[in-house]
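4 protein chains.
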Amino acid sequence: MQIANLLIACPDTKGLVHTITGFLYQNNANLVTIEQHIEDDMFFMRVEWDIADFKIRPEDFIRKIQPIQKKFSMNLNVDFNNRKKRLGLFCSKDPYCLMDILVRQQTGELNVEIPFVISNFEDCRSYVENLGIPFFFIATKEGLNFEHEAEQLEIIKKHPTDLLALARYMKVLSAEFIRKTGQKIINVHHSFLPSFVGARPYDEAYERGVKLIGATSHYVTPELDQGPIIEQTTRRIHHAHKVENLKTMGRESEKEVFAFAIKKHVRNKIIVYKNRTIVFA
Amino acid sequence: MQIANLLIACPDTKGLVHTITGFLYQNNANLVTIEQHIEDDMFFMRVEWDIADFKIRPEDFIRKIQPIQKKFSMNLNVDFNNRKKRLGLFCSKDPYCLMDILVRQQTGELNVEIPFVISNFEDCRSYVENLGIPFFFIATKEGLNFEHEAEQLEIIKKHPTDLLALARYMKVLSAEFIRKTGQKIINVHHSFLPSFVGARPYDEAYERGVKLIGATSHYVTPELDQGPIIEQTTRRIHHAHKVENLKTMGRESEKEVFAFAIKKHVRNKIIVYKNRTIVFA
Amino acid sequence: MQIANLLIACPDTKGLVHTITGFLYQNNANLVTIEQHIEDDMFFMRVEWDIADFKIRPEDFIRKIQPIQKKFSMNLNVDFNNRKKRLGLFCSKDPYCLMDILVRQQTGELNVEIPFVISNFEDCRSYVENLGIPFFFIATKEGLNFEHEAEQLEIIKKHPTDLLALARYMKVLSAEFIRKTGQKIINVHHSFLPSFVGARPYDEAYERGVKLIGATSHYVTPELDQGPIIEQTTRRIHHAHKVENLKTMGRESEKEVFAFAIKKHVRNKIIVYKNRTIVFA
Amino acid sequence: MQIANLLIACPDTKGLVHTITGFLYQNNANLVTIEQHIEDDMFFMRVEWDIADFKIRPEDFIRKIQPIQKKFSMNLNVDFNNRKKRLGLFCSKDPYCLMDILVRQQTGELNVEIPFVISNFEDCRSYVENLGIPFFFIATKEGLNFEHEAEQLEIIKKHPTDLLALARYMKVLSAEFIRKTGQKIINVHHSFLPSFVGARPYDEAYERGVKLIGATSHYVTPELDQGPIIEQTTRRIHHAHKVENLKTMGRESEKEVFAFAIKKHVRNKIIVYKNRTIVFA
Chain A
28 MQIANLLIAC PDTKGLVHTI TGFLYQNNAN LVTIEQHIED DMFFMRVEWD IADFKIRPED
88 FIRKIQPIQK KFSMNLNVDF NNRKKRLGLF CSKDPYCLMD ILVRQQTGEL NVEIPFVISN
148 FEDCRSYVEN LGIPFFFIAT KEGLNFEHEA EQLEIIKKHP TDLLALARYM KVLSAEFIRK
208 TGQKIINVHH SFLPSFVGAR PYDEAYERGV KLIGATSHYV TPELDQGPII EQTTRRIHHA
268 HKVENLKTMG RESEKEVFAF AIKKHVRNKI IVYKNRTIVF A
Chain B
28 MQIANLLIAC PDTKGLVHTI TGFLYQNNAN LVTIEQHIED DMFFMRVEWD IADFKIRPED
88 FIRKIQPIQK KFSMNLNVDF NNRKKRLGLF CSKDPYCLMD ILVRQQTGEL NVEIPFVISN
148 FEDCRSYVEN LGIPFFFIAT KEGLNFEHEA EQLEIIKKHP TDLLALARYM KVLSAEFIRK
208 TGQKIINVHH SFLPSFVGAR PYDEAYERGV KLIGATSHYV TPELDQGPII EQTTRRIHHA
268 HKVENLKTMG RESEKEVFAF AIKKHVRNKI IVYKNRTIVF A
Chain C
28 MQIANLLIAC PDTKGLVHTI TGFLYQNNAN LVTIEQHIED DMFFMRVEWD IADFKIRPED
88 FIRKIQPIQK KFSMNLNVDF NNRKKRLGLF CSKDPYCLMD ILVRQQTGEL NVEIPFVISN
148 FEDCRSYVEN LGIPFFFIAT KEGLNFEHEA EQLEIIKKHP TDLLALARYM KVLSAEFIRK
208 TGQKIINVHH SFLPSFVGAR PYDEAYERGV KLIGATSHYV TPELDQGPII EQTTRRIHHA
268 HKVENLKTMG RESEKEVFAF AIKKHVRNKI IVYKNRTIVF A
Chain D
28 MQIANLLIAC PDTKGLVHTI TGFLYQNNAN LVTIEQHIED DMFFMRVEWD IADFKIRPED
88 FIRKIQPIQK KFSMNLNVDF NNRKKRLGLF CSKDPYCLMD ILVRQQTGEL NVEIPFVISN
148 FEDCRSYVEN LGIPFFFIAT KEGLNFEHEA EQLEIIKKHP TDLLALARYM KVLSAEFIRK
208 TGQKIINVHH SFLPSFVGAR PYDEAYERGV KLIGATSHYV TPELDQGPII EQTTRRIHHA
268 HKVENLKTMG RESEKEVFAF AIKKHVRNKI IVYKNRTIVF A
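Protein chains in written order, with my numbering: chain A, 28 to 308; chain B, 28 to 308; chain C, 28 to 308; chain D, 28 to 308.
Just chain A, with the same shape it has in the complex (with noise of 0.2 Å):
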């Protein structure tokens, strides 16, 4: 079975579902699941359907489907899971976010190809390259310097992604720098946000005396730790527990998160609506 999805954002109004499915139905879609979300007047939707019986081809299906999209104003994204989407890595030396989606990968659990790893450290190159993952350390200096990112572009220009994730890699990225990248870039904090942004959560957890202790993968914006967030979990704490308990403990979450968000992507899952996400099953 060979499954395609669509997810589509408009304003809301009457008919909406019945057209889309209409359109599905009249070309022999098997409709697999359907999710449906409304909020504000606007309309989303997410369908799947097996395409065994379908009658458009892949490369016809966008303008097919445009009079309804032109009739609606609707933004479309489909997806016919006929190429492996490619995954840029970004780490810096903390291994376990990064070796986490390395072994998913490798394992088969994730549905990527990851062509690169990109580090300011040199900490992580053994492991990545004892996969067989091309390693690119790219040095950054102090503060809010970005003469770095053009040599990061350069790489993601000639090996191409779908997606960038930001396994621990602590540092700023410009606005230039998202933009040009032309693609969404998942990050993961390491502490429940909105509380603890920047660089030290643990050990400001720790003071404020907190009794879980959290992590978020969200997408990147220009504003440190304001994108949208895609997942979020927490675990408990007890005061006998020292910020590198925490530390420890807090690893689970964020390898947990981030491959949650990275999986929900690449499934074509996510809609992001006025800074928060909607997330389909």
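Source of the hints: derived by calculation from the structure; they are not laboratory data. Remember, it's a predicted structure, so these values are computed and weren't measured experimentally. What you were told as hints is all true, and nothing was included just to trick you.
Note that identical chains are pooled: a pair holds if it fits in a single copy or bridges any two copies.
DSSO-like cross-link-like pairs, simulated, lysine-lysine; straight-line CA separation at most 27 Å:
(1) K274 to K301
(2) K111 to K291
(3) K296 to K269
(4) K269 to K41
Could you slot chains B, C and D onto chain A? The hints should help.
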């Protein structure tokens, strides 16, 4: 905004969503949410619509949708929310699940009427009567004795209900009683089923040394603790906790899953299929 | 079995556990539990013992332990559990946290006396008086106006309490009031602090698009929502949930962390250190 | 700071904590943590101390503490952390639990040596050998056939270990094998025990319609899936999840409880009593 909802279960076939939304759309319904689920070759759907401009009167709905119903062999359950549901409660000695529901009802969180509480103990009488709710004591005998059920059925007949719920009622119901009530019965079991069926789950959980204790709400069937599960949750325990601690901690889970199940049922959000439940959002 | 307990905080040094257990041992105490925590250079300990054969009478305990207390500069808090603690409650319009505590007290789960409920609204009066508990309405004015506090302090003076708890009391307390009560005050805040301080946490959580909502119980300090956190918990939310849903779901967390905090305090299990809490098991 | 730790189990009697801390105190130990647990009439304790000024050499410890040990019939387990523990791993086809442990070891999170991986399938060979760890394939026959165990014991004899762990090794161990290894064996089971013992827990969980799926790490005993539970966790599932989804989601729990159990064991933090575990913080 007044909302109607419709639950549908039928064999899956092409064009179902299109047909149903078409029927509603042509009668001027404003769709609010639509949820759909496919399993084996069965199709399940719940749809909510604003009835402000809806052209079909509640009393005509079943007749008007009949051609579609027949064509697709649909099992339908429609609710125009034009009447408060009536919930009958059973309890034994422990007041906490019972009181939790009564307080939720009294403070407006749970949108039901509670015509009576039936108990085989006197312990909860004053709590119930303080809130102005009739309390009926009906003694039960030990073992598989169901003589008392005639009297219980008499009360249900005099004070008709849409749903019964067992708030820690520690007496097995006969298959005959379940059938004669002619309505769903929700039970809360003080373990994470299927572990620890029967009357001593906290003792057994302690003896087995589990690290989480749970609670389960489910529909009652003639087989003890085997009915379709509606909701479950767990809480972490510690080796220092004795059976008494498990009981106190477990109450939090019991109250939560019990109230959840009653709310979901009252809002017409549950379909039972093959001893499992589909619980819409 | 009657159990006494002792909380100790003092600078850490060699031999502390040995000295304390020696003192208890020599006076025929049967140790039931001992918990200890070291942080910075401070030592914290809680010990419970069976007083069946204990040679020191409650009224002599402080005098007898004084040599040790002085030698190690100990801060001591002993409780022979010979008197029910008295809990004074404050509320505003929302009844659910208040009712949760009242029901727990009424059904014996929470071992306290409740001499009064003070409120700046009349909404909860009947719930409270139905349970036979005095309800005092004291109006409050908008903004940083604390005129009403004199009247509140008068009630606390007439009906002395060991602990005050704010069951969704939506009015800031003045530093002077906090000091004059001469006792701990527990508050429940309807967010996962430090996120979303202030009066509209569920609205802000919705706008930020978080994937979990939480609640926090903490001791009140003059700085709003900045006091030492006692307990927190979170619940998963979904993009389909509106602010109203978050409020309903959040209640479950609020009730849970509020009751937890009151129970732990009443059992003499909390030490505050550096705006954090050590909460013994 | 170098830390030693001591686990104690003995019949409870007055003066135990005093005696033990006295012995350590007189030998100049600086206590770091002390945890104690009493159950039935048994006393359990774990104490950590800084050995900077400790007057007793590791090799003399057991001899020096012997008078106390004999007096109180103590079961002792001391660890001076002067040698890395050696962990032998078993796996079958599924690589994820295995890889999770190997990555944690490789990146320094798990402080062990891994002398070998034994498997009854070839599937994981390249993953393991890529990390420079010896991989031994030993075929197993269907049913209650244990011929292959002699060869496995040979490997353990040649490459001695302190602990064995079964990373989704899908073959029952004979009672004789368990005894002959002379060490603890940790297993991860892919359900929330005692529910769903055996080989198909995700299928059975799906059929029963549970709302949470879990995983369990436990010590191996001759009775399948009946050994003392070390850790459990659960994750929420949804009616839309098929068995395949449960398997993928369950992996997160499996990895977490398996790594937790190995870490706790390696740090000498677990005591088994009556088929339950006391797991210190």
